[in-house]
Amino acid sequence: MSEYVLELKGITKIFPGVKALNNVQFQLKPGEVHALMGENGAGKSTFIKVITGVHKAEEGEMFLNGQKVDFKGPRDAQAAGIAAVYQHPTSYPDLTVAENIFMGHEIIRHGMIQWKTMNKEANALLANLNADFDATAEMGTLSVAQQQMVEIAKALSTNAKIIILDEPTAALTKRESEELYRIVDKLREDGVSVIFISHRFEDMYRLASRVTVFRDSQYIGTYDVDGITNADLIKAMVGREISDLFPKPEVKLGKEMLRVENLSRVGYFKNVSFNVHAGEIVGLTGLVGAGRTEVVESICGITNLDEGKVYLEGQEVKIKQPSDAMEKGIILLPEDRQKAGLIMSWGLGRNVTLPTISKYAKHGFNDNKKERELSKQLLEEVDTKAVDIFQPASSLSGGNQQKVVVAKALSQEMKVVIMDEPTKGVDVGAKAEIYAIMGELAQKGYAIVLISSEMPEILGMSDRVIIMCNGRKTGELGRQEATQERILEFAMEKGHSGKEADR
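Using this note's numbering, read the sequence shown as starting at 1 and increasing by one per residue.
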C-alpha cells in the first residue's frame with residue numbers, strides 16, 4: 001500500500017510557445033492538508049487542471065493509492081474521488097442549492113429526478129458543514145462564502161476523498177475565513193485529503209502540515225510548515241530575498257491636495273474628516289464593515305454625501321458623479337479590479353486608454369497609432385508582464401491586472417490616487433512591485449490614500465494612519481507612533497474618548 005493517496009512524478013505540460021509545467025512533482029498523504037504556494041504564473045492552476053483531468057500532461061505519471069491512473073477528462077477524476085473548489089464559484093445563480101450540488105450526477109429512479117431525495121441529502125451535507133441556509137435557497141442569493149460552502153458540499157456529494165481548494169479565502173472576511181478553516185479541519189478529521197492553494201501565509205500556518213512551492217513552472221521543494229521561516233518561504237517562492245518588502249521612500253511633503261470635512265452618509269459613516277498632502281501616503285484602515293470604501297466612494301461621486309465638504313488644493317469642489325472626480329484629478333483604483341477596474345474581455349491597451357479615449361479622436365475617428373503608443377509606454381512604466389497590448393485582461397495574473405489598473409490611472413491627469421485594497425489576491429512578489437509603484441507615485445508628488453485590511457501593508461507604507469470603526473473616524477497616528485496594537489485599539493474603539501472618535 002502506498003504512503004500517498006496522490007502522487008505525481010515528472011509532470012510536464014506544454015501550451016503553444018509556453019512550458020506551463022516543467023518536470024514537477026507532488027505527494028499528498030491520506031487525511032493531510034497540504035498547501036501549494038507560488039507566485040501567480042508559477043503553474044499552480046495548470047497543475048490542478050492536470051490532477052482534475054481538464055488538461056492532459058505531455059510527460060509524467062500520476063498515481064492514486066499507488067495505482068497509476070490516466071484521466072481522459074474531468075468525469076474520470078470525479079469518479080476517482082477528486083474534486084476542485086475554485087476561487088470564483090462556478091455555480092448556476094438561478095438554480096437552487098440542491099440543483100447546484102447534484103448538477104451532473106442527479107439522483108434518478110425510473111427515469112425521474114428524485115427532487116425530494118436530493119433536497120434531503122443536500123440538507124444533510126449542508127448540516128454537516130454547519131450551513132445557515134437551506135437546500136431550496138436560490139444560489140444567486142448567497143454570499144461568496146456560502147457559495148463556496150455549496151461547492152464543498154457538491155464535492156462531498158460525489159464522495160470525494162481528495163478536495164482541492166483554490167484561493168478559497170481570497171474573497172472572504174476574517175470571520176468567513178475562520179468558518180472555512182473549521183470546515184477544512186472537519187474534512188481532515190473525516191479522512192479527506194486537502195490541497196490548499198493560497199497566497200496567504202496565515203492560511204498555510206493555520207491549516208497545513210506541509211507546503212510545496214512552485215516557481216516559474218518548476219518544482220522548488222516540499223517543506224514541513226513548522227520547520228520553514230517566512231523569509232525562506234518567500235525566497236523559495238520568488239527566487240530572491242525580499243528584504244525590504246515595503247520600499248517606502250522618504251518624500252518631502254508638499255501642499256495639501258485633498259481635505260474632507262465632516263463627511264456623512266446616513267447608515268454608512270458620520271463626521272469623517274482627514275487630509276492628504278502631495279507626496280504623502282495616508283493609510284485608511286479598520287475592521288471589515290468600518291466604512292472605509294463607502295467614504296472614498298462618496299468622495300469620488302459613486303454615491304452621494306448627505307453632509308460634508310471636499311476640498312482639492314484648498315478649493316471646495318462639488319462631485320456629483322465619478323466623471324466629476326476624474327476631471328478634477330481624483331482617481332479611485334477599486335477593490336474589485338475584475339468587476340469595477342477592467343473590462344476583462346478587452347485588450348490591455350484599450351483598457352488603459354478607455355478613460356481618455358476622446359484625446360485620440362480626430363474628426364470622430366480614433367488615432368489608433370497614438371493610442372497604442374501611449375498604452376504601451378504606460379504598461380511598460382508599471383512593468384506589466386504581458387505578450388502585447390492586445391492580450392485580454394482576463395489572461396493576466398491578479399498582480400498584473402492590478403498593474404494595468406495603475407497604468408489606466410496614469411493615463412489621466414492625476415492629483416489624488418485612492419487605492420482600495422491594491423494587493424488583494426496577489427502574490428508576495430507582485431505585492432513588492434505594487435508597493436514600489438506606490439512609492440514612485442508619492443515621489444512624483446501625487447497624494448495617495450491607501451485603504452487596506454493588511455496591517456503590515458498599512459504600517460509599512462503609510463506616512464499617517466487614519467482608523468475607522470462603525471462608520472466613524474476613531475483615531476489618527478503618525479508613522480512613528482503607529483503600531484499594530486494601537487491601530488487595533490482604535491479599530492475596536494478601545495482606549496480613546498468619544499470626543500476623539502468624532503474628531
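Check the hints yourself; a few may be wrong.
Think about it this way: if two alpha-carbon atoms lie no more than 25 Å apart in a straight line, the pair counts; the simulated BS3-like pairs of lysine-lysine are [claimed, not checked]:
#1 Lys9 - Lys161
#2 Lys255 - Lys309
#3 Lys252 - Lys9
#4 Lys270 - Lys235
#5 Lys339 - Lys369
Rather than coming from a laboratory, the hints here were simulated on the basis of the structure. Keep in mind it's a predicted model, so treat the numbers as computed, not measured.
Going down the list of hints, with the structure as the test:
no.	hint	verdict
1	Lys9 - Lys161	holds, 20 Å
2	Lys255 - Lys309	holds, 19 Å
3	Lys252 - Lys9	violated, 55 Å
4	Lys270 - Lys235	violated, 44 Å
5	Lys339 - Lys369	violated, 28 Å
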